[in-house]
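Peer 1: These are the residues of each chain, in order.
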Amino acid sequence: MKAPKKSGFTLVETALVMAISVLTLVAFIATISARIGRERYKDATNSFADFVRRIYSETINVQNGRSGSIDDQNEYCTLAGQNAHAIAAENGAANPDSDGYPGRSGCAIYGKLITFGERYTSEEDRISPQDDDDRIIYVYDVIGRAIDISHPLVLPAGSDGSITDQLAAVNADILAVTKKPGSSDCAVNPVGTVQRFSPPWSSEIETTAKERNMFKGALLITRSPSSGAVHTYVLEITDDDKDLQFQSIIAHNRSVACDNARGVYDMTTNMNSNLNQYLKNGKFQMKEVNFCVGSDEGFMTVSKRNNIRVVLDNHNATGVEFIETDLSKDEGGNACE
Amino acid sequence: MKNSKRISAILLSVFFGLTIGSNVFAGLNDSTSETSQAQVADENKQEDYDANVGGQHIGNNSSNTIAYSRNVAGIEVTREQLMSDAALQSIVFDRPTTTTGSVTLPATNITQTHIENLPAGTNVWIEFTYAENAGWVTDTNPVTGESVKRWVEPGDIIGVVGLNDGSWGYQGQKAADAVAKVTDYLAKTGVDMNGVSVKSVAEMLSDYNMLLATGVLTQDLLDENAFLFTDRIGKELEKLTEAEKEELKELIEELLEQPPVPPSSNPDCHDANHWGDTIGKVSVQNINTNTGWREGGTVWARPGDTIQFKIYYCWGAQAVGADDYNPARTQHWTGQDSQYFQLSATQNDNYLFGENAQYIGPSKHVLNQPHNATIGPATGGAVPNDKVDYTSSYEFTLYSPGQKDGSNYNCMIFDFSPYFLGFGYQIPGVDTGGCAAISQTGNMSDVSNSPGVISQTIEYDRIQAWQLYKYQRSGSCAGCNYNDIGQIIDHRSYNDRNSLTRQNIRVMGNPFASLNEAKTAGGNMWGIVMKHQNSTAQFKNDCDVRSCGCNSWHHWVVDGCSDCRWGQWHTIYDEHGSHQEWWCDGGYYNYSCYQSCGYNDRGAVCNNRPGQSFYESESRTYTERGGIHPINLGHQSQTASVNVPYSYRTRADSYINEGEVIYLGQSVTSTFSVNILPRVVTEVRSNEAYATLVDGFIQAVEFIADDVPGGGGVAPVDVPGNDLCNYFGGDCREIWREGPKLNKEGRYKGENYSHAETRAVPDDRDDLVGKKYCVAVGISTADSHGIVDAEVVSGMSNPSAWRISGVSCRTIAKKPNFQVWNGGLYTNGYIETSASYKNVGVSLGGSTEPTGAFGSWEEYYVVAAKDVRTFASGAALGYYPSLRPRGGKDPASISTYCDVTKKTIANDGCAENVTGRSGVTNTSQQIILERIYSRYALEGDNTSYVGRKLDNSARYIYKKTDDIRISDIVNAFHSTEMYNADRTTYNCNYGTSSLKMCQGQSANAEQTTSNYADGTLVIHTGGKVIIDRNICYGNGACNNSSDVRLNNNSEYFTSMYGLPQVVIIADKGIDITSGATHVDAWLVTNGTINTCTDFSMGSPESACNSTLIVNGPVFADGIRLNRAGGAYPGAGSGSTVLDTNLSRTGSITPGEIFNLRPDTLYWAYSQAQRFTQATATYTRELAPRY
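The listed protein sequences correspond, in order, to chains F and L.
Residue numbers for the first sequence follow this note's numbering, beginning at 401 and rising by one.
Residue numbers for the second sequence follow this note's numbering, beginning at 76 and rising by one.
This is chain L alone, in the form it adopts within the complex (with noise of 0.2 Å):
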């Protein structure tokens, strides 16, 4: 024990390049050299104090030693400040020559070099120590050896003892334990110093000191094969052995196994050695920032930082009864026998940071000791001897967490952070992945809306306790009557003792009666007894050297008391005057001489009598001690807090991977991210942004609207509810939630979540299409606070708030197609249409799954010469069993296209999901088209025509160049002047002159019968025919009178000749408008088909929202398949596989058909028999199916 505290001294001398660490403190003696018992009892005093305080006993001459007291000033500067003052640079660089005047110091070896080697933000700790009083004081360098004898007044500087790295004392202490070793085992193994300065090693050390912060000495020196001095502590320690390396390495383990040793003593309990106070405290520091420990008050801190609690306690009626005499300091407990004491922390004493509750907990531990027990650390205390630091016997200081504790609450292992200490206990939140502090607490964060998240408390009794003396100092005073003459009683507060001095001293003149009016006298004034020693001291100087004196072998005479005889009186002087009383009767040893009873002053102090001179320590004969009287002043408590604010800003986006539109039952990928976002928080730290754990949550939300909302991406909004479907509202449903907690780790840098959601576009309603569908993502709380980098009042400014992305919307659409029933579809060109793979009616969050395809088919085959593409054959896509009869193919069936064109000529393309193919590309169209004109045609100028072979009996329009619009001919055909009374017989003069209407005139050669095309009439213009009304054999579809309706009143015909047929030729295309809606029709044309010429691209309402049903042979050049009705949402109601009612056929339902109606075939069919167009030549009739 008393060698560790020298070589602890040692160290701090070389760390610090100062040669104090000598000192001798060798208390009083008095001049003779006679040795007594009770000097004896001061040598053992001074050693053990010596051993205590860390001096160095290096003598006992009176010539050269003094007293001294330690820690009675000092200051912290900054590395930057000490850097840039010259003043504290004279301290520090040139201390021999500005500081000791006369006196001359060893040369300091912290250079400014060694200081700017420091990393920036390195606290400098100078503390100064001062002597106390005159005297010699010794340095010693401890590396050379060199001693330096030097003489110091009181108030000399004698000493700066302190300099450190940020965490002064602890650390600083550490490193220079280090260095101090280092260096004592270099000196030891014979290493040459020349090639390791002082200066070197401290710097290695100041290296070494790190590597214990960031624990890589553990993983890297304690390593053998990775104990690379070279990289760490620098070239100079190669040239150590492997055996050194190996004892250094022993070194630097029973370094890391030494508990802390406190910053400093607490002067109120650590020196009192004779007073009693219980005094508890709570100190915290955020050792990344510095901030140093802060009793009772509060730090700042950010998540990852580290931070460490300091408990002190020293506690009642220590030390109480030691004196000079009996400086056993035993705890004299009286009154009561337990004293109260409690730790307690935040969060359910989660945060007391290793303390079992078992010794100081919340169930508010007593320390239970009994009267006159000693507390210290020979005989344990109530709190366990390796978390409590015994710097003095009746008090402890405890580290929250110590440093054996501190792998189990940090969360960092590797950070070379100059910052990081290796213990303490850093606040979880940092993006480090294991982190022990969160098993240890509890809590992922212990980021708090509300400061002093982290707190503890020290709650006890304070108790105050006294001893009071009385020093009777009596001797034999022949004659008086008082025998506790040379009493000095005093009294004093405990916290008045440090104010104590000499003239304090109640002497003379007003002695005590007795114990009780001392007491009385103090009053409030708690008081004890001070060392008489000092009084002792002031009078011998008053004493006159001409004392005389006499026993019962000699007597001597000085001045004023000469012829001092035994038994005789005589005269001495004093103050106040002469007196002649003084009795000598040599009877005993030392008040030989004493002041006659009779005299008038008799009652005073004998001591103040001039020309007399005693020695109370020495003439005592009786002391009485007071007893102990404590106090209990009452609950008192400490508290010391951490508060981690909250510290985030956010950013939310939505996006819908889809194009302009997206479709009914179809599905739709919207992507959401949101980020947290770092800000500064300048009560933490300045400048530096980070992010913290976010309380809340993230959703995103899907929903149909009228239009795109506004709103979103904006300043922070209040959310009903804390739920974007009653922000947004209408149909809508959450898509993603994120949390409860978000940036759990509390990554500074913030957090990215990002999330892609595959959702159904609804199908289940008919006024869908138009609307929008339409995604947002939002977080909340929206930001720690409301202005970034604002200065942190109180927790987040709105923590209801949210932050609310910009609304992504899509328009649904639908996808109409196109049927053709009862035949196929020819082309030297290419199909391409579009198809739905939908879930049919799925709702609002159903599943995606398609369950249906929908598109566009033909019944019977399909020969293109080029690509077919999403295009069915054989009614493919029509209907579905599992949704009959109402259609769909089973999206599962369908592998490749070729799935649902087997009568798709030739399919040689399936591997590329290409159909058709069928590379027929004559001219064989081109030949049916000169055939229908040869047959059906007609020309010459507008007022005559050349007929065709229908002529006989068909009727005819005809234009020879410009457009003819079906609603003039409704007129006509309306007009009593166009045709008599029952629409069967036409005027053919009637007419202007660019319309031409008539029946058939006469007949060609080869027609022998006159019926054989009475039902027909033939449309024909060198322009273009405007279909704006229903065309219609019978009453059918159409029963609007503006409708063109033949064979109104027939219903049985006499032949197929007869067969009603409209054959519309236009040589420059037909349009059909969205008035008309069924067309019983032959359509022929050089041109285009356009289905719907009311088109409005992008209108959910348009005119062609209708479906067209053209009965008839189609024949064009190409086709615009403008209609935008059918394919309705969900499955609809329909009840057979092809309900005649469009409506209720749901998806399947298409904007046109195309039906080539049967009696065409019998009618065209019959017709070309007339002419021979058209011979079997062979007819193989299958099986029927069953």
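If we strip away everything but chain F, and leave its shape as in the complex, we get (with noise of 0.2 Å):
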């Protein structure tokens, strides 16, 4: 008599199973989590892109954010050493028509200014909407004195007729005293419209750095105050410029008196951010700037990455470009590696 025969896996089978399922299946999460990663880089890539590019776009066609009921009193705009009327006054019955233009106001909108790396120092320094988060991108409007036959630009001396020679000869910023609603204080708000972008997937915009230092700096979107053509200027603002911290550019100048009596947006230079002392000093050039995006959410682990690129003295959408990176390849600092 023969022992009968017995069936099924071994141990080492089913181990042997196991760890291939194990490896199989960590490989299929990688290559989820890399796939995801791509696709969260390339929102957010391109997010950030059509951002910029909308920005353009509201530059070019302008939607003015003012309320224009002539019933509201706080909406002035009152221009440094032109003693200009706001608008409210214009149509108001404080004070009568300034330039034979009833209902006109002397201020124009001459743009947008994208900001990075804003982040107050202090919560005295706070302007709404800033938040806490150096990520988050806002978007001013740039608004200066207008220009007309009673008002005619008039450029510095020396002035090589710059763009931004012309900005700060219209006293253009972003901030304005205004009384506070219900209150004779004032504060020191944005005039115009205020956007806020905030990267995607807890991204930031950088720079090209192999640091990817995150971009701190402002894009300055603007039109010429003479001949109305858009223009763009690159503020960047690094750590080795002990003079020209970031957030200075909306810093302002507290020693400012509040003016109860008219509660204006008073644009007068000195009351305001730093915009026009950056105008005049040179700080904005007009260059070529590339943007990165990064995170440390894991989406940098594209093989290639883009640059967000404005062109040089990009005037429209179509100067915002992608530029792909090969990342096997040092581009010296210049793409997103």
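Hints should not be assumed to be uniformly reliable.
Quick list of the computed label-pair ranges, beta carbon to beta carbon [what the hints assert, rightly or not]:
hint, chain 1, residue 1, chain 2, residue 2, range
1, L, 1129, F, 712, 57 to 67 Å
2, L, 922, F, 463, 37 to 47 Å
3, L, 1143, F, 460, 27 to 37 Å
4, L, 1143, F, 628, 27 to 37 Å
5, F, 463, L, 981, 32 to 42 Å
6, L, 1129, F, 426, 52 to 62 Å
7, F, 681, L, 1240, 29 to 39 Å
8, L, 1195, F, 558, 35 to 45 Å
9, L, 1129, F, 628, 27 to 37 Å
10, F, 463, L, 1240, 19 to 29 Å
11, L, 1240, F, 721, 28 to 38 Å
12, F, 460, L, 1233, 15 to 25 Å
13, L, 1000, F, 681, 47 to 57 Å
These are computed hints drawn from the structure, not numbers from a lab.
A virtual CB, placed ideally from N, CA and C, is assigned to each residue, including glycine.
Using the hints, put the two standalone chains together into the complex.
Peer 2: Right, here's the structure in full:
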């Protein structure tokens, strides 16, 4: 008599199968994760590029943020040195028509200022809608004195007629002193509309430096006060620039007395942001600028990254380009690596 | 004192050229040469009396003296009467031969020429003095010194003593004084009298008298540098040396200082030496009209006249007690210690004229004189000495105001009127500037509605007093039991004293047994003892010169009394026969022979015995005074008044200094004039018109009326409540008031009032346009009397009546305007419109300050080759902040119109307030017109046409020559034969011979898209297009079935080419009727566009009174803007800048709106691009305004 034969998987087999499965699962998961990262990267870059393009479009096709209500007594636009009357004054009982064009303010919209890496250093310096997140990108209306036959553009002596000089000459700025609603106190607030853009997927806008520094500075998309043509200027702040800390662009002179009687957007230069000062001292440069989108969320695993490039003296949305970066190559810091 | 009086007498003589001043009063003397003590007393009395009456005592010769009385008769005649009446002239000029008979009087120096030289109207007073007794009178010419002695009989005229220039006595006296003094001066200084005749001096002083009256004396004569004798007095006085002139000046000054001499004494008191009565009189005179003194009467006067009161008062019991033996006239005051006396005047004694109430005034001052007090100049009286002219010791005459007060009551300081005296009270109300009279009385005008506005009253107790005397003459009548034989007792009332004669003296036969008997017999005939001297004189004549006499030393025997011996009986004879029982005892000097006591008529007075003569005055042995007997006859008063009646007429006129129409909210200036005119008041001055104060006021009003009110400028009317607004009613405001007293200074020629007032035409109601803005002015009271120059009866005829001017009215209008929205104006010619500068919403009576400027404007640009006037660009006249959102430019911001035309090219005339003047006069407009025609217009006959470039899909309505009326098209549209139910397909065959309607035919070669113009309707005619229906896209403004509505069902379009457009092309013009207010179409014509052919000039209710909106381009040779809509009053009620409800945009609402609708730009631009007619070569887009 012979002994009976046994059937089933051995422990080895089982372990093997399990190992393979785990490996497979891991690989799958890794693959999925990379894909997700790529998609998120793509989404983040596209979103940012679209955002920039939209700002260009809005610069060209201006949507006036002013309410237009002539009954809004807070709708003022008083300019430094010009003693121009505010919008409401042009329409209200307080002041007569100042320029023979009733209902027309003395201010014009000269474009948009996109700021990167804003962070307020103290609650006191916080300007709504600043968030405690320096990833947030803000877009401000740049408003200055309008040019007309009664108020011509007068450039300072020695000016080369640059757009920045022109903007400085019209006291272009993004902040103004306004009266707090229901109060006799004043506050520094943005004049015009403010947009927030939060890069998706916890991404941030970085420079092309290998260190993947967060881009700190501003992109000024502006119309020429004299010609109306759109130009782009870049303000880039590095850590080495001790005198040009980024947050100072929206810093304001707190020694300004609040004009309770007027409660206006008082756009006198020394009352508001440092934009006008930067325009004067040449901090804004007309140059090409490349933005990178980075994140610690893992989508940096992509093999190729895209520069979001704003070409030199870009004047419309088409100048916001995607530049693919081959990570296998060294771009010398001009590409997102 | 005595000297001055004498001089006065001489002055009178010289001035009147008569020599009567030296009459002598010598009194009575008997023929005896012996002088007794009584005779001395008589002479003293005579001397005093001379001094008082101004006579000249030249001797006491009984052979050439007489007694005389003055002031016995007189006549006051006018200069003219004297010139024309021969009898009067004979008295004055020829008196030496006509009035004295055998007595030669010196020739008068008054000649007819002298009288002729007197001012017209001067009165001449001829006063005759009669001799009372026969005797001698000596007339002395004080100039020549010649004396004429003459005998006169009782009743003979012995003097003509008065002649003056209107205020006789006072003025004449002063003139006479001056003449005398000058004459005396000339005589003393030895000036050659040949050069200065008496006559010429009289004339000179006549002038001088006027100088005194006018006050020039103090201003000129007393000024060394202006002492012009040549001018004022005559060349004769140039001969005076400086010293003489100075002396004359002093003379003049002295004259000025002298109080006035009363014109006459009052016989009631002045001459009453023995009677006592209290008399108060008030007289008044109007010096200007020569009324003379009117005692207790009334004079009429006008403002500017000078009046004066005279108060005479002679108080009781004066002189009682005076008799020939005791001539000192002391006052015997018995029965009461005080005497009531008061002066009062109207207006709470304001018109006492200088009299201080301390003396005589409202407190009823009492002349509180003690018993037996002497009242006279020496001791002062109840009134101040300087106010009183004491011509008698017991009376005074008060002039109110007196000469010294004159300047305080004058209104005219320099007036050479001969009427002006320099004193008196000048009634205020003359146009003289300062008037002292006002400050004295407190009354600006003494004009009154009732008589007696100025009056003075004297009130007093009339006290009469008398004294009885009993003269007892006694002698040594031996055996007689009567010691009082020879009584002569009489009594007379005060009032009957003048009738007292010798015959009244009771003598003999009825002697009173006692004083009581005498009083009882007198009854009410209060009496007083007469002078017994008179009776002596009578009996002297009766006495038998053969009377006997005897005394202790001798006796004599006359006829009938022979052998008169002492201690014997004698027989004497008288009318009773012989009597033998006279006993001559010689025991007494005077009564040496008396009747036997046993004679049967014993008891009679023996001086009646014939053959006997005795003299009571010398035989008086006893005099008994009966005592003072006063009686108070009660309260007496007298008032003299001045009536100063109102006198004026009026006229009132109003005028509006504007054209036919005035405009809402704008200012309008009206002028008013009111004239106060003089009229004649015959009671005051005949044929001499003058005006007085008007006791009323002027009122001018403005009001709104539906039509021009009637009336005004006519007869006086009663105004309810004295308010013209009550008269006119309605919305009315007072705009001018003057008063309450007018012609305050009472200018004789009246006074004119004028006034200009700028007011706002109301802008606060919708119904104002077409109404009348009216003004009128009135004055109350219309006239002082109803009938011009009527006599004054009493007061004014109707004090409440008004004279109202004619009503001036202007029609209230508005200034419609037009507006160009979303576009501009281009013209080779000019643009001229009107603008309103108004106070928006102002009510009647509101401020005239404009708050908004409104007018026509466009929004984008104006290119006018020529002038642009009053037309704004840039919507600058559209909306003003303070009035937001309802418009109006701040007028203060418009210095020139260039301030509101900043979008006008090229404003090359701002300095002239002219804008525009672009100078663009090329033919581009014609080119544009040709292009429009080439693309949109049609041509051909009435049944077929040649389409243009839109013809593929556009629809056409076409006439070659005839007019096209939109209502006809509407009917066609509504016809099913014309187009299908959905109104998208038209039947080209529909129509008449003159109207072709069809959808587009074949496309041009260039047209490649079928829907280029499928929303387009082209209406073209060689005639006119008459738009009498609204033409609308969609349902917007057109909801009437008769309106032309395109694209009724479409809300979306597939292309800009397909946007609905109506293109109206009319070769000869486009007429829009009132039935169309909304035209969504292009209007292209080579003629004129009339925005409302139903326009009726001047009618606010015109059918064109609605706003027309044309939504589309307009191209025309001219535009006639006839719409009267809009330009509503006020600021409207809209809440937005451009309220779509035009009725709520108030003043800014236009009559026409030409709105370049945006879709026309898109449509035209796209059409143009189709044919490369428009190419954008450069676009500069500026930064938009924030």
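Peer 1: Take the hints in turn and mark each one as holding or not.
Peer 2: Hint by hint, here is what the structure shows:
{"no.": "1", "hint": "L/1129 to F/712: 57 to 67 Å", "verdict": "violated, 42 Å"}
{"no.": "2", "hint": "L/922 to F/463: 37 to 47 Å", "verdict": "holds, 45 Å"}
{"no.": "3", "hint": "L/1143 to F/460: 27 to 37 Å", "verdict": "violated, 49 Å"}
{"no.": "4", "hint": "L/1143 to F/628: 27 to 37 Å", "verdict": "violated, 46 Å"}
{"no.": "5", "hint": "F/463 to L/981: 32 to 42 Å", "verdict": "holds, 36 Å"}
{"no.": "6", "hint": "L/1129 to F/426: 52 to 62 Å", "verdict": "holds, 59 Å"}
{"no.": "7", "hint": "F/681 to L/1240: 29 to 39 Å", "verdict": "violated, 45 Å"}
{"no.": "8", "hint": "L/1195 to F/558: 35 to 45 Å", "verdict": "violated, 60 Å"}
{"no.": "9", "hint": "L/1129 to F/628: 27 to 37 Å", "verdict": "holds, 32 Å"}
{"no.": "10", "hint": "F/463 to L/1240: 19 to 29 Å", "verdict": "holds, 24 Å"}
{"no.": "11", "hint": "L/1240 to F/721: 28 to 38 Å", "verdict": "holds, 34 Å"}
{"no.": "12", "hint": "F/460 to L/1233: 15 to 25 Å", "verdict": "holds, 21 Å"}
{"no.": "13", "hint": "L/1000 to F/681: 47 to 57 Å", "verdict": "holds, 54 Å"}
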